[in-house]
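One letter stands for each residue in the lines below.
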Amino acid sequence: MGEISLARALNQALRDALAHDPDVLVYGEDVGRLGGVFRVTDGLASEFGSERCFDSPIAEAGIVGTAVGMAMYGQRPVVEMQFDAFAYPAFEQIVSHVSKMRNRTRGSVELPLVIRIPYGGGIGAVEHHADSSEAYYAHTPGLRVVTPATPADGYSMLREAVEAPDPVIFLEPKRRYWNTAEVETPLRTEPMEQAVVRRAGEDVTLLAYGPMVATALETAEAANETGRSVEVIDLRSLSPFDDTTVAASVRRTGRALVVHEASTFGGYGAEVASRVTEACFHYLEAPVLRVGGFDIPYPPPALEEHHLPHVDRILDAIDRLQWESTWVPAQSPPPERPDATAQHPSRPEARA
Amino acid sequence: MKRTDEQPAPVPPLPSLEPLRLVAPDGSRVSGPAFDSPDHSTLVALLRAMVIGQRFDNQASTLARQGRLAVYPSSRGQEACQVGGTLALAQRDWLFPTYRDCVSLVSRGVDPVEVLTLLRGDWHSGYDAETHRCAPQCTPLATNASHAVGLTYAARRRGENAAALVLMGDGATSEGDAHEAYNFAAVWNTPVVFLIQNNHWAISVPVREQSAAPTLAHKALGYGMRGYHVDGNDAAAVHAVVSHALAEGRSGAGPTIIEARTYRRGPHTNSDDPRRYRDEDEARQWAERDPVQRLETLLRAEGLLDDGEMERIEAQAEQVASRVRERVATDGRPTPSELFSHVYGSAPALLARQRQELLGEIQEG
Ligand SMILES: Cc1ncc(C[n+]2csc(CCOP(=O)(O)OP(=O)(O)O)c2C)c(N)n1
Chain S
1 MGEISLARAL NQALRDALAH DPDVLVYGED VGRLGGVFRV TDGLASEFGS
51 ERCFDSPIAE AGIVGTAVGM AMYGQRPVVE MQFDAFAYPA FEQIVSHVSK
101 MRNRTRGSVE LPLVIRIPYG GGIGAVEHHA DSSEAYYAHT PGLRVVTPAT
151 PADGYSMLRE AVEAPDPVIF LEPKRRYWNT AEVETPLRTE PMEQAVVRRA
201 GEDVTLLAYG PMVATALETA EAANETGRSV EVIDLRSLSP FDDTTVAASV
251 RRTGRALVVH EASTFGGYGA EVASRVTEAC FHYLEAPVLR VGGFDIPYPP
301 PALEEHHLPH VDRILDAIDR LQWESTWVPA QSPPPERPDA TAQHPSRPEA
351 RA
Chain X
1001 MKRTDEQPAP VPPLPSLEPL RLVAPDGSRV SGPAFDSPDH STLVALLRAM
1051 VIGQRFDNQA STLARQGRLA VYPSSRGQEA CQVGGTLALA QRDWLFPTYR
1101 DCVSLVSRGV DPVEVLTLLR GDWHSGYDAE THRCAPQCTP LATNASHAVG
1151 LTYAARRRGE NAAALVLMGD GATSEGDAHE AYNFAAVWNT PVVFLIQNNH
1201 WAISVPVREQ SAAPTLAHKA LGYGMRGYHV DGNDAAAVHA VVSHALAEGR
1251 SGAGPTIIEA RTYRRGPHTN SDDPRRYRDE DEARQWAERD PVQRLETLLR
1301 AEGLLDDGEM ERIEAQAEQV ASRVRERVAT DGRPTPSELF SHVYGSAPAL
1351 LARQRQELLG EIQEG
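Protein chains in written order, with this note's numbering: chain S, 1 to 352; chain X, 1001 to 1365.
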């Protein structure tokens, strides 16, 4: 195929999946005539007909709910949520039914469906168009949550997601839709649930996924100029998490840094940091650090560059990994209470 | 499959404010009904299923009081909806029940003890959904409605003319998911019948605080589908209207909303106290409109039922109840290692490890 974009690779994956399996259906908001607002479904309706790729009413819970019923009856629906924040109306369907149908029915009903969600910021979009919602899904047992970072993975992982026996939340890093690479389809990259070393290095392991993989690679390049050898791992699958690949790398480098766009507090990086610490404690030269977005609502486009992790911020964190106990508590001091004891008459001091 | 004609969709007729009836509350035939009555053998089957269902429901309530079930939401009073709707289904059709619809499942032929698995707390659904063509009982309100739409859409794609019956309560119609499902069903023109059992109460909230629509069936109009308002204590009428709606749906006329007006005689569940929110006179008045009694009176008057037959039906119901009693006490409980068996098609390493961990814990005792 030559040089193609991530969006084009995803489009080709859907086209090949539709051609390969008559039970595959693609639907959602504007995915038919228009080909999706990001054109990921471009041309599929005209090629496969409006029975295979079609527009649905604007109703995310309904889109996912109907996909549940379709999958119960042997179809393989691939539905699109137009933007990350607009998947929230469907959250209940995803959490209460999509993730649990196999379990609720003791395995008698499986739901092979894919929910595609363009996610993350960096494209100058207005509010509700730039959320990184991965932690919500990754926290939900029964879902597989994956995110490709390259056109080749976009193709291969989407084909695999459609063929998977389990529901897959397929997170598409929208700011990378137009990144291109040389790709020959059909191709199969590493299995979907496997993390992949994107760049080998000796001193630090950078753990990234989706939109941050490219940023991590840029950072590694920049670090190289200052004499630091940085390994970059693309996690690819957020759930399940590939402990093996990650631990092997961190045990070698002794230093690990997780990078993601989502707010840091309670984010997916916390899970990664915790798992890495547990698996690599005796090998670590420094605590596992995280670089994520600030703990604020996703900012307006004029300010998003300040929020999103960028090369300099990640380089700074790499510096902090050369651990010399530089940690200071981030919290402000407790609020002043000049006469704290007087307000607590039950305390012995107060009674005295 | 979907409506494609350029012409505006036909305006559906207004649902009647008076509920459709075939049998009056005193058990006499209603004259000049809008629907054909089910035939004699169907009427007897309805009675049998209601008597068995009622006995089962009663037994389950007792088991809940004894602490043998974690909870039980009784459908006492709603037998005509439970049975009338379900017996209208063909074998190839699918049923989408809620937590309150155990009697419906029993009348669909699901093993009564498997129906109670959910409520005993053994598993989220105790029966094989595929085999019985019954989705698992749904607890989040209205969320099962869109599943039925997708399922019937898929069935038609595969050239199978399966329809679906969604059971929902009056309260559930307020949920956004109900709206989305109605709308999808109408736009996709799928053969789904949404049977709203208006039992007048959503836990403690009366239906008049739930909806300002003249009847819940009137909601259908806004979606471009047919709506019917039926007496939910008249099993013959519920069966006739649901059968009609299913048949029309299968022949391409799309979905239907049916409001069946009935009453929840008991508490919301065994742990609810309805005296806190409703007048017991109301419950007493509805008790006089008992759906089982009504059909029994009719069948006796028309010579389709005698004491002997009634005794046989009651004996059958008694047998179901005693089997439930015994087996709820003796049937095996689920094994803990099964916790990890049905999460994914192939268990990720993490779950395999956690399973080992649990098995280790159990072995150590
Ligand atoms: C989404 C959701 N919200 C709240 C509840 C809690 N809840 C359980 S039953 C119920 C009332 C439902 O009333 P109705 O739909 O009329 O059905 P009924 O129980 O009367 O059969 C509520 C609020 C729930 N199960 N799901």
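One thing to keep in mind: the hints can contain errors.
[Stated by the list, open to error] Covered by chain S, according to a simulated footprint, are these stretches of chain X (three or more residues, beta-carbon under 8 Å):
(1) 1112-1125
(2) 1254-1267
[Unchecked claim] With beta-carbon atoms standing in for the labels, derived distance ranges:
(3) Glu1282(X) <-> His20(S): 18 to 28 Å
(4) Ala1212(X) <-> Glu3(S): 33 to 43 Å
(5) Gly2(S) <-> Ser1337(X): 28 to 38 Å
(6) Thr1330(X) <-> Ser96(S): 54 to 64 Å
(7) Arg33(S) <-> Gly1176(X): 24 to 34 Å
(8) Gly1032(X) <-> Pro57(S): 37 to 47 Å
(9) Tyr283(S) <-> Ser1204(X): 22 to 32 Å
(10) Pro191(S) <-> Ser1204(X): 50 to 60 Å
To be clear, the hints were calculated from the coordinates, so they are not data collected in a lab.
Backbone N, C-alpha and C define an ideal beta-carbon position, used for all residues, glycine too.
Going through the hints against the structure:
Figure legend: the region 1112-1125 of chain X, annotated as covered by chain S; annotation consistent (3 residues with Cβ-Cβ distances under 8 Å, at least 3 required). Look at the region 1254-1267 of chain X against chain S: 0 of its residues bring a Cβ nearer than 8 Å to a Cβ of that chain, fewer than three, so the hint is violated. Checked against the given bound of 18 to 28 Å, the beta carbons of Glu1282(X) and His20(S), roughly 60 Å apart, lie outside it. Restraint check, Ala1212(X) to Glu3(S): a C-beta distance of roughly 59 Å breaks the suggested window 33 to 43 Å.
The beta-carbon spacing between Gly2(S) and Ser1337(X), approximately 51 Å, falls outside the hinted interval of 28 to 38 Å. Between Thr1330(X) and Ser96(S) the beta carbon distance is about 32 Å. The supplied range of 54 to 64 Å is therefore violated. Checked against the hint of 24 to 34 Å, the C-beta distance between Arg33(S) and Gly1176(X) comes to roughly 26 Å, which is consistent with it. The beta-carbon spacing between Gly1032(X) and Pro57(S), approximately 40 Å, falls within the hinted interval of 37 to 47 Å.
Checking the proposed 22 to 32 Å range against Tyr283(S) and Ser1204(X) shows it is violated: the Cβ atoms sit about 59 Å from each other. The beta-carbon spacing between Pro191(S) and Ser1204(X), approximately 52 Å, falls within the hinted interval of 50 to 60 Å.
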